[in-house]
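Under our numbering, the first residue of the sequence shown carries the number 1, and numbering increases by one thereafter.
You may find that some hints are simply not true.
As the list claims (entries may be wrong) - Pairwise CB distance ranges, derived in the manner of DEER restraints:
| no. | residue 1 | residue 2 | range |
| --- | --- | --- | --- |
| 1 | Val58 | Val315 | 27 to 37 Å |
| 2 | Leu290 | Pro262 | 16 to 26 Å |
| 3 | Arg47 | Gly196 | 31 to 41 Å |
| 4 | Pro101 | Val59 | 28 to 38 Å |
| 5 | Gly316 | Ala33 | 46 to 56 Å |
| 6 | Pro311 | Val58 | 34 to 44 Å |
| 7 | Pro216 | Gly3 | 21 to 31 Å |
| 8 | Gln54 | Ala34 | 46 to 56 Å |
| 9 | His175 | Gly230 | 16 to 26 Å |
| 10 | Asp209 | Asp280 | 24 to 34 Å |
| 11 | Pro88 | Leu305 | 50 to 60 Å |
| 12 | Gly3 | Leu257 | 32 to 42 Å |
Hints listed in this document are in silico derivations from the structure and should not be mistaken for laboratory results. Even for Gly, the Cβ is constructed at its ideal location relative to N, Cα and C.
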Amino acid sequence: MGGRVLSVASECVPLVKTGGLADVVGALPRALAATGWDMRVLLPAYRTLRPMAQDWPVVWEEGDLWGGTGRVLAGEVGGVALLLLDAPHLYDREGGPYAGPTGEHPDNAIRFAALSWVAARIAREGLEGWKPDVLHAHDWQAGLAPAYLAYHGSGGCKSVITIHNIAFQGWAPGHMLGVLRLPDHAFYADALEYYGGISSLKAGLVTADWITTVSPTYAAEIMREEFGMGLQGVIGNRASVVSGILNGVDTESWSPLAEDPPFGPKALAGKAACRAKLCDEFGLEVPGPLAIVVSRLTDQKGIDLLPPVVPDFVVGGGGLIVLGSGEPHMEEAMRGLSARFPGRVAVRIGYDET
């Protein structure tokens with residue numbers, strides 16, 4: 001027997017992506033549909049998404065959304081039912097979901113509190129003809145949604161939060177408690193207070209009905225001091241409602257047999273042709289091994305290990321292609337490698353699965 005789920009996140013393939021979070025958010029609705037579940041995904045209407053949704057119907061409106069009006073627009077992309085939170089004062093900005101050309105948006109705490117607030121209201125009150133049974137929050141950007149249900153009423157809607165990356169916790173100073181529409185009585189260590197401030201991720205972890213992570217191993221790791229990033233005690237205290245669900249891969253989208261030309265165990269010639277095509281696209285001539293990195297560009301992903309080793313790799317005949325976005329200093333370091341080794345190192349900052 002299926003039900004209705006409101007998934008709330010900051011990223012979703014194929015619309016906006018900086019990491020694996022987006023893949024899960026985009027694939028899960030289709031997987032659940034096969035088992036009878038109706039999942040709709042609530043995303044911010046970033047600048048790059050607004051043109052697509054200009055003719056979508058308005059299904060929700062919030063007149064006082066932290067300094068402006070917010071409208072929820074309903075549509076469908078790739079078989080996934082989408083709800084876009086159109087709040088230009090919060091999301092119509094240059095750059096990616098979290099940062100612009102000069103760094104992180106200083107009001108990210110409010111930007112994603114707004115997303116969580118609207119998610120909680122839809123979960124509690126429902127849309128016309130559709131009310132979710134479960135709110136599914138992803139990472140810190142949606143972490144306040146379960147908290148808003150807990151402190152402002154759930155309307156019978158249950159909540160789940162998935163930790164994709166515990167390193168990002170959505171911290172805000174304690175004096176913002178009221179600004180974030182959270183009650184004073186929730187500001188203590190066993191609730192929302194976190195080292196004198198507020199962590200949106202912790203808020204979700206202590207208030208959600210269930211917690212999931214991206215694998216059983218990760219679920220065990222984040223309960224330990226070396227991997228819990230300060231939240232190991234919070235998660236350990238809720239161990240009875242923690243599940244590790246292994247992330248999968250969409251074998252239809254990522255099958256080498258779907259490439260042009262296709263390749264596989266019995267068609268290896270196609271692999272060489274695809275490599276040549278890729279090198280042509282990036283303007284590379286690589287006589288030796290070709291390494292490809294598709295990742296969020298952060299120290300946590302080990303991107304800082306590339307600059308010291310790439311020179312020797314290139315001298316030995318190798319080449320490198322980097323695709324991703326992330327911390328400004330890491331993006332600049334990758335651009336520096338490309339400038340230093342033209343024809344052997346190529347870097348594309350952004351998200352592109354073509």
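Violating hint indices (sorted, rising) | 1, 6, 8, 10 and 11
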